[in-house]
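**Student:** Residue numbers (my numbering), protein chains in the order written: chain C, 1 to 563; chain D, 1001 to 1686.
Just so you know, these hints were derived from the structure itself, not from any lab. Please note that the accuracy of each hint is not assured.
[Said to hold, decoys possible] Facing chain D, a subset of chain C residues (Cβ under 8 angstroms, in silico):
no.	residue
1	34
2	224
3	357
4	495
All C-beta atoms, glycine included, are put in the ideal place defined by N, C-alpha and C.
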Amino acid sequence: MNPTDTVTDPVTTEIIRCALGAAAEDMNQTLIRSAYTPTIYEMKDCSVALLDEHHRVLGQSLGVPIFLGNLEVVTQHTEREHGRDGWRAGDVWILNDPYIAGTHLNDVSVYGPVFAGEDLVGFATCRAHLRDLGGMRPGLLTNSTEIYQEGLRLGAIKLVEGGEPRRDILDIITRNSRYPDLVHGDLFAMIACVREGQARLDAVIERYGLATFRAARDDVFAQTERMERAAVAAIADGVYEAEGHIDNDGVGDTPLRVHVRVEVSGENILIDLSGTDDMTKGPVNCGAPQAVAAARVAFKLLVNPDGPLTGGAFRPLSVNVREGSLFAAEEPVPCSYYFTPLGMLIDLVAKALAHVLPERVAAASYGDSMVVLFGGTNPDTGQRFSFSQPTVGGWGAWHGTDGQDAMINNVNGAMKDLNAEVIESKFPIRVTKYAIRPDSGGPGQWRGGNGVEREFVFTGDDGYVNLWWDRSVTPAWGIFGGSSAQPPEVVINQGRADERRLMKATGHPLQHGDVVLTRSGGGGGYGDPSLRSVDDIKADIREGQVTEAGAQDGYGWDEGVGS
Amino acid sequence: MTLSGRYRVALDIGGTFTDVVAYDEQTGTFSVAKSSTTDHDLVEGVLSALDQVVDAPEAIGFLVHGTTQGLNALLQRRGERVLLLATEGLGDVFHIARGSRGSLYDLHYRKPTPLVPLSDIVEIGGRLDARGTELAPLDEQALRKAAGRVRDAGISAVAVAFLFSYLDPKHELFAERILREELGDDVAITLSHRIAREWREYERTSSAVTDAYIAPTVRRYLRRFDEQLRGRGLDVPIHIMQSSGGVATAAAAREYALSTLLSGPVGCTMGGVALAKQLDRPNLVCVDMGGTSFDVSLVVDNEPEVVSETQLEGFPLLLPVVEIHTVGAGGGSIAYAEGGGLRVGPASAGAVPGPACYGRGGTSPTVTDANLVLGRLIPDSFSGGRMTLDRGLAEAAVSRLADELGMSTVQLAGGIVEVVNATMAQAIRTLTVARGISPRDFSLVAVGGAGALHAVHLARELDIAEVLVPPNAGTFSAWGMLSTDFRHDGSRPFLTTVDAGAMAKLPEMLAEMSVEGSQMLDAQGVEESLRSVSYALDLRYVDQAYTLTVPLTGMDETRSPEFAAAIAQRFHDAHKRRYGHANVGAPVECVTIRATAVGDIGSSRAAAAPVETTRSVPAPAGTAEVVFDGVPMATEIHHRDELPLGAEVRGPAIVLEATTTNVIPPGAALRVDASGTLVINVREDS
């Protein structure tokens, strides 16, 4: 990059930086508050970015951390396909190809160029999880073996042309969805978000002028890069490795290795994922851009959590994915659960760096989304329904503090689970238990957080349940002598003749009155359990976080001696 | 209601000062007084302030009070131990707290610590379903056992939050009956459906627990306060400011302690409402800038913006509350360098060590230091001369950072102020533009120690034409309380699609809610002729989560066969205004019915009849050199209390007063209007 003429100063730069950050925040608010589906407005399964004309981040706001820094891949791809001249004012584009964007088909990117007069000055982009785009069954497929089974796949096409929504394209998309109205509503929320971004970037450039804006942008990028290089330089040079296994790919039953090798050298850091297993038949494959994004999340969590998200971020970081591996999905492998290996990847980077960043890391978290999906007929309305939710669990302990109980996994970001009153009002499901699961967190000087127990009674007809539960082969590990957490489990009709224990299921039939009990895992412990104070153990027992039996097993607790 | 006494009085008891504003109905004049807050016995401070303005407590015809007792109990975590009774199987919901993570890039994120530990949550058998039908009766034995625990452990507050109580409260009412039988009247009992008749058990439980947590503190305080004032001769009921911006009797506030939670902070907005009516400027942006934070609230069409849900200390509260946005920007905001760039705030130097110029050991440059370097603060007139600022220390602090950034000291000082102004302007923009409101239609009201220092720059940034600085800014909140109404906010769940069939049920439901509102106003003693009830529906597209509150024109329109179509259209319009798009034709869903009963309690605003003022151009008390746009300019200094009504001052000028410093930059002009308000035209040429 050529140095720009100096037409800015630290004050103008900072004001422009804040304005761009605020623009991204307001774009995200526009999207969240006008969206139709809980996936977006409650689970915040969406993210937005304002990019400059070179596809670099000016401002970003995320509901889901693993979308960190990968909206630019869609504008870059579009430009490769359609040329720089393909960008026209008033157009809004759409794309959801997992091999390009890195996620699954439900994650749809909507984006448009921003012009200042004749000049292309940037892009307003957003991504959100749409409810349904077809596929063999409602919800994320747990046993797909080809992308074609998973739904409608779109390359870069125009959703809005010259300011007018394209009815033909909207027709194709909504006609291929089980929930056309919801998809229609959410797409318009995304278009509104892009327009908000276009207007805001336009306003900043109009106010400060293009040259000043660009000079400020360069300053901002340089500031971020300096901060990150300094942060990496502070980590001891060396090569650090860690690995774990996800249970299986949903189709076979072989555990799949996720391997992380971190190389720190001066101001640079490499996260090498090439030791990870090959692409697989089931839907746990992940497009390369998303693996890069997850590595960036790990970098940000550990190296520079407070730094601004700008185009200068991640310059010291390189990420290596191996062609043909889980982290570089290629047509036609399925991708619906692309995130399962990513949650583990993030925890593994922390494990690898534990000995050089002992106070910054944490033990592993419960790790995956632990999805339960119910489907069937609602006896009140006679209509088919489906309802799915991820499950919260325990997080890892860190130096000086117990892990947090019952919190959503990294991959789901800012999600809030639904209240029982909301679930029961909308669906023929009763929530009969929702409680902290004692003893599930790994013992340690600082205890891992506990997972939850949640019990559903199915009161519909003609029902089924899909399950995606993982992390039983490698439950959340402890660090510095801390113990591992308990793995998750799902029991259907516990104590009845037809009791079943399942972790993954597709279309497992449910009768009216069947009971699905889910137990999520805890987080890992930090430090030797024998160093935990008697007072802390007593408090854990009093609060029901640890049972007396659990205290005996995990801490060698003997009530007579302890009290 | 008749007001027999001569004075209408508002009391605002803050951490440092107790403010009293009295309106004399005979003379039509206001008087204000201040005394030090007497922590050991608040009434002492109140009486010493009252003595300055009112002949005797007997002469008071109306008394309203804003209290921070509940809020402080929550913020300082010194509320009451609460036992929570919850539905069997779901007792931990309050701790699971919907599992959300407040910060995405923090491996060490901690959830807010709940106000009730798991060991103080008792599950009680009994269950309703989503239609309100009983699936299992409430377990009376378990209730009595829980009551025993309350008695044995000496617990003084119980919160009861059962599933689906918003549909049918019978289980919560039954629990109350048993608890009263067992425990008598001394224990505070909060039932979740009384706090909020809305779905979502976590949020409702959180609201009920917070109420129970602060209720004993609030009740004790109000009882003592009432007794002591009565002992000195007060013979009218005490009224309490509610978070919703309305007032209620102290007796009603004791029963609904949560409603007093933001009793103090809303005063400023209510001052804005009073000012809007007094000056006939219905749309105001009220900004209150102090040492650490910048609070913004709006007055639209003479009304505060009231929302039905808020969050405090990480806990959701289903509570009607005047919407106030807070940004970490204040006089104490620290400027620093990061990656070679300039940052200002949100970290604050607070009061200790405070800005470098306070001379209390602070060395980081703050916004206050920058203002001092620019000459916009006068060192020996800060805070009415109660404190002297050290300009040398301010310059040293700013110049250290200026060297680091390669700027001159004055350049950087100007820059720090510009950045903090941009941050504040952004907060206002988010509150207005992002909702389809144009700030151009507003005047900006500045209060707080630092508000008037920045107000004109902020207004210019937002294209607002005029800044208002009310007289007695220090007692603005108390003054605002005098002009508020009784207010009761009622809500009912009404989850249905908007169609003619469902809407036909509305007239009856609204009538019931109207009766409930009337009963509340009866209890407050408001005359029939001074009452009004307004209605609104919380609507959304089917499957949306967030609702928009859409007002009805009255009960009558709901009887029209066209109502369903009309209200759906009103919702489409509102959605389009708010979000820029509407989905006309898509099914619309109703979630909640709201009814707000308002009782006019008479007003003191008629008093401020406009007086003819003579234009005058007063001579300055002095001059100083002040930097504007990087250029030092000779600037007039005035003292506000020496400016007569009608006085006009052109910028650049500084107007000093006891609690703040008004900066009038070049190009702006100030006039003292008939009410004593400083009206600043921010662009003289406009």
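**Student:** Decide, hint by hint, whether the structure agrees.
**Tutor:** Verification of the hints:
no.	hint	in the structure
1	34	4 angstroms, holds
2	224	6 angstroms, holds
3	357	10 angstroms, violated
4	495	16 angstroms, violated
The structure does not agree with the numbered hints 3, 4 stated previously, though it agrees with the rest.
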